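**Student:** Dock the two chains into a complex; use the hints.
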Amino acid sequence: MASVTYDHVTKKFSGETTAVNDLSLQVHDGEFMILVGPSGCGKSTALRMLAGLEDVTDGDIKIGDRVVNEVPARERDIAMVFQSYALYPHMSVYDNMAFGLKMRGTPRSEIEGKVKDAAGILGLEKLLQRKPRQLSGGQRQRVALGRAIVRDPQVFLLDEPLSNLDAALRVETRINLQKLHQRLGSTFIYVTHDQVEAMTMGDRIAVMKEGVLQQVAPPRELYDHPVNMYVAGFIGSPRMNFIPVTLDGKTAKASGFSVEFSSAPGIEKGVLGIRPEDFDEQPREGGPRIDMKVEVVEVLGSDQFVYGKVGGDDVIARVDPQFKVTPGDTMKLGLNMRRLHLFDAETEKALN
Amino acid sequence: MDWGTFLSQLPIVVIVIVGVPAVLVAYIVGTEYLVRLLPDAFRPRVRPWIWVGPALIFVFGFLILPAILTAKTSLESGAGDFVGLQNYQRQLGDFPTGGAWIAIRNNVYWLILYTLVALGFGLLLAVLFDRVRYETFVKSLIFMPMAISAVALGVIWKFMYWYQPPGVPQTGTVNAILGIFHQDPRIWVQDPSVDNFAIIAAATWGITGFAMVILSAALKGIPADLLEAARVDGAGEITIFRRVIFPLMMPTVVVVGTTLVIFALKAFDVVYVMTGGNFETDVLANRMYKLLFFSGNQGGAAAVAMILLAAVVPVLIFNLRQFRAVEARR
Chain U
986 MASVTYDHVT KKFSGETTAV NDLSLQVHDG EFMILVGPSG CGKSTALRML
1036 AGLEDVTDGD IKIGDRVVNE VPARERDIAM VFQSYALYPH MSVYDNMAFG
1086 LKMRGTPRSE IEGKVKDAAG ILGLEKLLQR KPRQLSGGQR QRVALGRAIV
1136 RDPQVFLLDE PLSNLDAALR VETRINLQKL HQRLGSTFIY VTHDQVEAMT
1186 MGDRIAVMKE GVLQQVAPPR ELYDHPVNMY VAGFIGSPRM NFIPVTLDGK
1236 TAKASGFSVE FSSAPGIEKG VLGIRPEDFD EQPREGGPRI DMKVEVVEVL
1286 GSDQFVYGKV GGDDVIARVD PQFKVTPGDT MKLGLNMRRL HLFDAETEKA
1336 LN
Chain E
-11 MDWGTFLSQL PIVVIVIVGV PAVLVAYIVG TEYLVRLLPD AFRPRVRPWI
39 WVGPALIFVF GFLILPAILT AKTSLESGAG DFVGLQNYQR QLGDFPTGGA
89 WIAIRNNVYW LILYTLVALG FGLLLAVLFD RVRYETFVKS LIFMPMAISA
139 VALGVIWKFM YWYQPPGVPQ TGTVNAILGI FHQDPRIWVQ DPSVDNFAII
189 AAATWGITGF AMVILSAALK GIPADLLEAA RVDGAGEITI FRRVIFPLMM
239 PTVVVVGTTL VIFALKAFDV VYVMTGGNFE TDVLANRMYK LLFFSGNQGG
289 AAAVAMILLA AVVPVLIFNL RQFRAVEARR
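Chains as they are written, first to last, in our numbering: chain U, 986 to 1337; chain E, -11 to 318.
In isolation and in its complexed conformation, chain E is listed as follows (with noise of 0.2 Å):
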C-alpha cells in the first residue's frame, strides 16, 4: 500500500469525517435557533422548510435545474442559437430506420420483454417458494443478481455469451450448451436478429430477484384464513390464486410492473458494456450518450433525453398514484 498518497490525503479524510457532521449540527442547532427567534405560531410552519431545505436545494440543483436547461438545450444548435424544434425533426426523422427509431424500437422490446418476464417470473417463484421449507436458500440465490452492478452483470453475461467459430471449442456457456445438443454456436451479442433479446435476457436475470422479494411479500400480506375460507368453499388451489390472491396483490404488481417499465426506459449500462449499443442494440440511453460524448451533438443528445423524459413522467405519476393506494388499503 502507497503510504505516501495515504498520508497526503489523510487531512481529506479527517475533515470530511469530522467535518460532515459538524456542519450537520451547525446547520441544525443554527436554524433552530433562528427559529426560535420567531413568534410560536410561526414555528411549526418554518420548521419542516428549514428541515428540508437543504435536501431540496440538492433536487432543485441536481435535477431540477439540469432537466430546464436540458430542455432550453434541445431547442439550440450548437452553437447556442435557438433553433426551434430542429434537433428533434433530426432525430426522429427517417422512420423507420433512422435517426433515433432503431433505439426506440428497442426500448420498445426492453418495455415488453424486460417487465413482463421479470414480473411473470417473480410473481411465479414468489408464490411456488413461499411457505416451503427452502424457501429462504432459493429466495436469497434468485436475489443474488441485485447485488452485483449492471456493469459487472454486462460483462459476466457477455462472457456467457462468447463465440467461438464452429468446431473451435465454445467458451461461452450458452454456445457450450448448445453444442450439447448438437446446436451451431450464435453470435449472440452481434447477430442482429437475437443480440437485443440476449442483452435483455441478461438484465432480466438481474432484475427478477427484486420483483420476486416484493410480490413476495405482498403474497405474505394475505391472511391465511382468507385462503382457509376459499378452500372451505370449495376452491382448488389454481382458482384461489386467480380469484383470491392475485387480485389482493394488484396494486403490488402495479406498483412493481410500473418501476420496472421505468428501469427498462432507464436501460442503459448493461448496453453499453455487451455492445456499446452497436449492432442495432441501440437505446434511447446510449443514444444520448453517444450523440453528446462522441458526435458532440448537444442539441441532439439534449433533444433524445426530452424524449426519453416524456416517455417517463406518466409512468413515475401512475407509479406513485398506485404507490398511494396500496398504501391506503393497509
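Looking at chain U on its own, in the form it has when it is part of the complex (with noise of 0.2 Å):
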C-alpha cells in the first residue's frame, strides 16, 4: 500500500504529439482513484507510465515517496489488470495467477496458498486447471484480477477492465471491485471512460482531457461544482444543458427566457448550465420559470424525460414518472437559482 505521486509529468511520442501534458496528481494511500476522459485523452497513458511500460518525458512519479522514473517494471510492485485481460493462453488458469509469484522466487508452497486465496476471493477455485480460451468473458476478467491479487502489490493499476464486458456483468463487476478495494484496502488507479463507472467507484476522480488534467474531486464535489463547461457536460447523464446568454450587469438574456444574479459576474457572454433534473415541473408560485415546447417524450420507468426548445435552445429536463405531458405541449418548468451554473464563453470556466 503506497501513496502515488505525478509531479508534472509529461509524455511526448516522437516529439511531436503530446500525450499527457503537465500533470500533478496526488493519490493517497488506499485511495480509489479513478481517471476518466474520453480516448485519446492521456489517462491510458498515465497509467502506464505508472505501470513504467511506457518512459516519462519530464516531471516525476512516485511510489510512496521512491521516485520511479528510472525503475524498471518490474521491480516497481503494481499490478496492473489489462484491458484485453493479456492472460498467457498457454498456461492454466492457476499458472497465469502464480506467475508473478514465480518470478519472484516464492517457494512453491506459499504460491500455492496465494493462488487458492485469490481463487477464493474470486470464485475460480473450480477453474484452476483450465486455459484461458476455454473461459468466459467474465471469467477471464476475474483471473486477471486473481493474477493482480495474489501478487499483493503497493499499488493496483485497473486499465478499463470493465469495458469487455456485458452490461449486467458489468455492473455486478462494478460492486465485486468496489468489495475488493474495501477489502484489501490497496491504493486503486482505475482508468474509464464510462462517467458511470467514475461516479460509482471512485473516491476520487481525475477528469483529463488531451492529456490535461481538468479537474479532481470526489464524485459529489465533481458533479455539483465542476470547475469548468468540459468537466460539467462530462460528467452527469443526460448531459448538462448549456444555453448561451449575454449578460447585461445582473441579468442574463437566453433565447427565451432572463434570469437575475444576485450580483454580476462581471462578463458579457457566457453560458447557462442547467441539469435536465434541477428543473422543477411543478414550479414555484412566483419563482423564476421558463417555458418549453415539448418535442419528445422519453419514459423510463424510474425517470421521464421530456426533450424540447426553450427559445431557439435544445433543452432536456427531467421530470417525474407520473407527471403528464405530450409532445406538443408547452411545460412550464421552474428554475432552481442555487442549481443554476455560470460559465465564460470565452475561458469556459465556472463563474458561480
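If you're looking for bench data, these hints aren't it; they were derived computationally from the structure.
As the structure is a prediction and not an experimental result, all values here were calculated from the model.
All residues carry an ideal CB built from backbone N, CA and C; glycine is no exception.
It is possible that some hints are incorrect.
A few chain U residues facing chain E, derived, Cβ under 7 Å [said to hold, decoys possible]: (1) Pro1023; (2) Ala1036; (3) Asn1054; (4) Val1056; (5) Ala1058; (6) Met1065; (7) Phe1067; (8) Phe1084.
Here chain U is said to cover these stretches of chain E; the calculated rule only asks that three of the stretch's residues, wherever they fall, bring their Cβ under 8 Å from a Cβ of chain U [unchecked claim]: (9) 209 to 219; (10) 222 to 230.
**Tutor:** So, in C-alpha cells, the structure goes:
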C-alpha cells in the first residue's frame, strides 16, 4: 500500500504528440482514484507511465516516497489488469496467477496458498486447471484480477477492465471491485471512459482532456461544482443543458427567457448550465420559470425525460415519471437558482 | 536476336496465350452446362469435383501413378522380371560403407545440421531484429539467398570454397580469410572430413531466410500486451522469451522444422553442382540419379527412391497435422 504522486509529468511521443501535459496528481494511500476522459485524453498513457511500460518525458512519478522514473516495471511492486486481460493462453488459470509469484522466487507451497486464496475471493476455485480459451469473458476478467491480487502489490492499476463485459456483468463486476477494494485496502488507480463507472466507484475522480487534468475531486463535488464546461458536460447523464446567454450587469438573457443573479458576474457572454433534474415541473409561485415547447418524451419507468425547445435552445428536462406530458405541449419549468451554473463563454470556466 | 526463330515460333506462342485461357473457359462453361442438367440437389455435390477434377488428374498422373510404378520397378530386375526385395538388399547391403549407407549417413547429417542451424538462426534473427528500426533492411538481406536457384547457390559456394595450393594467392573467399589468420587453405569440397559440412553450410545459408521470415510472422502474432503483462509480473526479457514467446511460437517452429526436414531429405541440386555426390558427399537423391542415368540400374534407383519416400512420408503427415494445429489456434 502506498501513495502515488505525479509531479508535473509530461509525455511526448516522437517529439510531436503530447499525450500527457504537465500532470500533477496526488493519489492517497488506500484511495480508489479514477482517471476518466474520452479516448486520447492521456489517461491510459498516464497509467502506463506509472506501470513502467512507457518512459516519462518530463517530471517525476513517485510510489510512496520513491521516484520510479528509472525503475523497471518488474521492480515497481505494482500489478496491472489490462483491458484485454492479457492472460497467457498456453498456461492454465493456476499458472497464470502463479506466474508473477514464480518470477519473484516465491516458494511453491506459498504460491499454492496465495493462488487458492485469491481464487476463493473471486470464485475461481473450480477453474484453476482450465486454459483461458475455455473461459467466458467474465471469468477471464476475474483471472486477470486474480493475477494482480496474488502479488499483493502496493498499487493496483486497472485499464478499462469492464469495457469488454456485457451490461449485466459490468454492474456485477463494478460492485465486486468496490468490495474488493474495501477488503484489500490497497491503492487502486482505475482508468475508464465511462463516467458512470467513474462516479459509482471512485473515492476521487480525475477528469482529463487532451492530456490536461481538468479537475480532481470526489464524485459529489465534481457533479455539483464542476470547474469548467468540459467537466460539467462530461459528468452526468443526460448531459447538462448549456444555454448561451448575454449578460447585462446582473441579468442574463437567453433566447427564451432571462434570469437575475444576485451579483453581476462581470462578463458579457456566458453559458448557463442547468442539469436536467434541476428543473421543477411544478414551479413555485413567483419563482423563476421558463417555458418549454415539448418535442419528444422518453418514458424510462423510473424516470421521464422531456426534450424540447426553450426559445431557440434545445433543452432536456427530467421530470417525475407520473407527470403527464405529451409532445406539442408547452411546459412550465421552474428554475432552481442555487443549482444554476454560469460559465464564461470564452474561457469555459465556471463563475459561480 | 534471331528474328527467324522468333517468327517461326510465334504461332505456337499465340496458340498458347490464346488457347490456354480458351480451353479453361470452355471447360468451365461446358461442365457448368452439364451440371445444370442435373437436378438441384446433386449440383453442389458434383460441382466441386468437376472444378478440382483437372488438378486431381494432374496430381494422379504426375505424382501418384509414377509413385506406384516406381514401387513396382523397385521389385523388378533390369529385364523386367519380378525379383522381390533383391534391389533393396543390394542397396542396403554391406553396412556401413557399402551401397546406400554413405548416402543415408550423409542424409542424417543434413537432417540434423541443416534443420537445427536454419531453425536456430532463423529464430535468433527473427527475435533479435523484431521491432528494430532497420528491421526491414536486415531481414531483406537475410532473405535474399532465397531468390537464387539451388544451382546458382551451388556454383557461388563452389567459388567461395575454391582451393589453391598453399603459397599461391587464394581465390576462394573462405580460404582467403583463413590466409588472413595464417591458416593453411583446405580443400573444402573434396576433403571427406569437411566436405559434407561445407555443402550443408552453403545450403543452410540459402534457407535460413525462409525460416526467419515465417518465425518472424509468428512472433509478430503474439499480442504486445501479453509481453507487457509478463514484464509487470516481474519477468526479465530472457524469461519472457522462454516462458511466453517461445511456447506460443511452438506450433510454427514445428511446422518450419518439419518442412526443413523434408527439404533436407530432398537435397539434390546443391550436392550435384558442388561435388556430383563424390568424395563421400553422396545423398540419397543423388544416388538415385546416378543409379538411373549412369549405371542404368532402374531397379536400384527405384529402391532408393522408395527408401527416400518411406523417410519423408511420416514427416509429411506430422507436418500437416501440426499445420492444422496452428490454424486451429487462430
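**Student:** Does each hint hold? Answer for all of them.
**Tutor:** Checked hints:
1. Annotation: interface hint on Pro1023 of chain U violated; nearest CB of chain E at approximately 21 Å, more than 7 Å.
2. At about 6 Å, the closest approach between the beta carbon of Ala1036 of chain U and any beta carbon in chain E falls short of 7 Å, and the interface hint on this residue holds.
3. Among the interface hints, the one on Asn1054 of chain U is violated; its C-beta lies about 16 Å from the nearest C-beta in chain E, farther than the 7 Å criterion.
4. Taking 7 Å as the C-beta cut-off, the interface hint given for Val1056 of chain U is violated, the closest approach to chain E being about 12 Å.
5. For Ala1058 of chain U, the suggested interface contact is upheld, since its CB lies about 5 Å from the closest CB of chain E, less than 7 Å.
6. Below 7 Å, beta-carbon pairs count as interface contacts, and Met1065 of chain U has one with chain E at about 5 Å; its hint therefore holds.
7. At a threshold of 7 Å, the smallest CB-CB gap from Phe1067 of chain U to chain E is about 5 Å, leaving the interface hint in force.
8. Satisfaction of the interface hint for Phe1084 of chain U is found here, the shortest Cβ-Cβ separation to chain E being roughly 5 Å, below the 7 Å cut-off.
9. Coverage of a stretch by a chain is defined here by at least three residues with a beta carbon nearer than 8 Å to that chain's beta carbons; for the segment 209 to 219 of chain E and chain U the count is 7, and the condition holds.
10. Taking a C-beta to C-beta cut-off of 8 Å, the segment 222 to 230 of chain E contributes 4 residues in contact with chain U, enough for the three needed, and the coverage statement holds.
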